[in-house]
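Chains as they are written, first to last, in my numbering: chain A, 319 to 497; chain B, 590 to 879.
It cannot be assumed that every hint is accurate.
[Claimed, not checked] Once the Cα atoms are required to be at most 20 Å apart in a straight line, the calculated SDA-like pairs of lysine to any residue come out as:
| hint | chain 1 | residue 1 | chain 2 | residue 2 |
| --- | --- | --- | --- | --- |
| 1 | B | 877 | B | 785 |
| 2 | B | 877 | B | 802 |
| 3 | A | 468 | B | 609 |
| 4 | A | 468 | B | 599 |
Just so you know, the hints here were simulated from the structure itself, not pulled from any lab data.
So you can see what is in the structure, the chains are spelled out below.
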Amino acid sequence: MPPTDVQAARLYHQYGALIHRRCRRILRDDEEAWDATQEVFARAIRSWDSWDGTASRLTWLSRIATNHCLNVIRDRQGRRAKLDQRQAERPGAGTGPSAHGQVELLDIVRAVMDGMDPDLQRLAILYWFDEMTQQEIAVEVGLSVPTVRKRLRVFVDRARKQLRSGFESQIIRAIRAEQ
Amino acid sequence: MTTLDDETMDALERMLTRPDPPPGAPTPWTLERYIAGDLAAAEARAVGEALREDPDLAARVEALCADDAAFEAARPWDAVGAALLARAAALPESGRPDAVPDFDLLPRRSWSKALWLGTAGAAAILALVFLFAPQPPVDPTPAPNRYKSSDTLQGFVLVEGHAERIDAGARLVAGDRVQFRVSTPHGYLALLGVDGTGTVSRYLPVGGEQSAAFAPGNGVPLPDSLELDAAPGPEVFLAFLSDEPLLVEDLERAVHDVVQDAGSRGVLAEDWTAAGLAPQVSVFHVEKGD
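Take the sequences, apply the hints, and build the full model.
What follows is the structure in structure tokens.
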């Protein structure tokens, strides 16, 4: 049974800003984040009965948001090119950790996440975008803290490999552009 | 480029090994949950204490609240709700949109299952204890402005299914439904009312002799709305907030004494905080009549 209009409005009023902020951190694009926020609430309303109460409403919404944002990231085209052009894009859309050099850390995580296993993608979002502690993540996903740590280590190792090849491609493109 | 690569990877590595916050210090995710009124009473109380002691933390929460306010101003439900509901209706059935992948990728030792079952059992017992504790359900309503002491008790009137914030002293009519949100670091709440005839009513706790456990936070909605009756004059609401449960009978008696001495409007003039009944007392009133 779908929620009443009042129930839907209340869900939006209580969590709308939080979900939007989260989508914005993950997607780093205000328009995409707003579209994602609407999609999250639309799916929540459409699947109202799928909330079984084992997690809080916020956890439920956050998981829907994570799934949708990962899909958005997966669907994006020219991700590497976007990363290259990051310097020219407007700053400040993200609210995550401060910038390191010319490319923000979250840009790196976002860019390399696409090729990862779904569980690694999810851990990366919880750790770098939501800034959860490893303990909080362990509770959220039902793993031990050491296992969370190991999986994050796997993420970093794979990210290192992807980044290395990505930046090599960047150099090659730059050389070709000069020729 | 190679140097940048190394720098970013070093940053990634540093973040991977970033230390957890000190014990008791709220994490960023805890702050988000605090603002959303999503924490249990004890946890929210701890966050409230941490905010009082750490200006940087308080500033971060202020920034989050400012972002909330900007979102609500730019995209209020009244403006986007219809389109959002239509979008939901157009979606196909999707089963579990919150489905998560299988995290159990690594083999576990046999004893871990027993440990897990034991933990789950303890958690189930704790959950039962929590379920039967007098916790009011969190019922989302429009987010108010936050962090002003005058905003401790915020009133809303329900109009055609939507909650519209009202100022203290707003004129309403019998039959209007009023709802409240509370911003407080305290974990216990008693809500009393005094109508124009001087009758003292108890709204929270619904039952029991002590003030109700409450999930402290900012703009936390109270369960259910109150329908104004036809009694003439002002309707005054008093929220008594504390870190320990209070005997409601004591509060009712104190309010009744003030009504006896000074009438219903005397309740408005009373310095309730100075009366020492509770660490925090917030008063809100509406006027009834056309």
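Cross-check of the supplied hints:
1. 877(B) with 785(B): holds, 9 Å
2. 877(B) with 802(B): Violated, at about 31 Å.
3. 468(A) with 609(B): Distance of about 16 Å is within 20 Å: holds.
4. 468(A) with 599(B): holds, 18 Å
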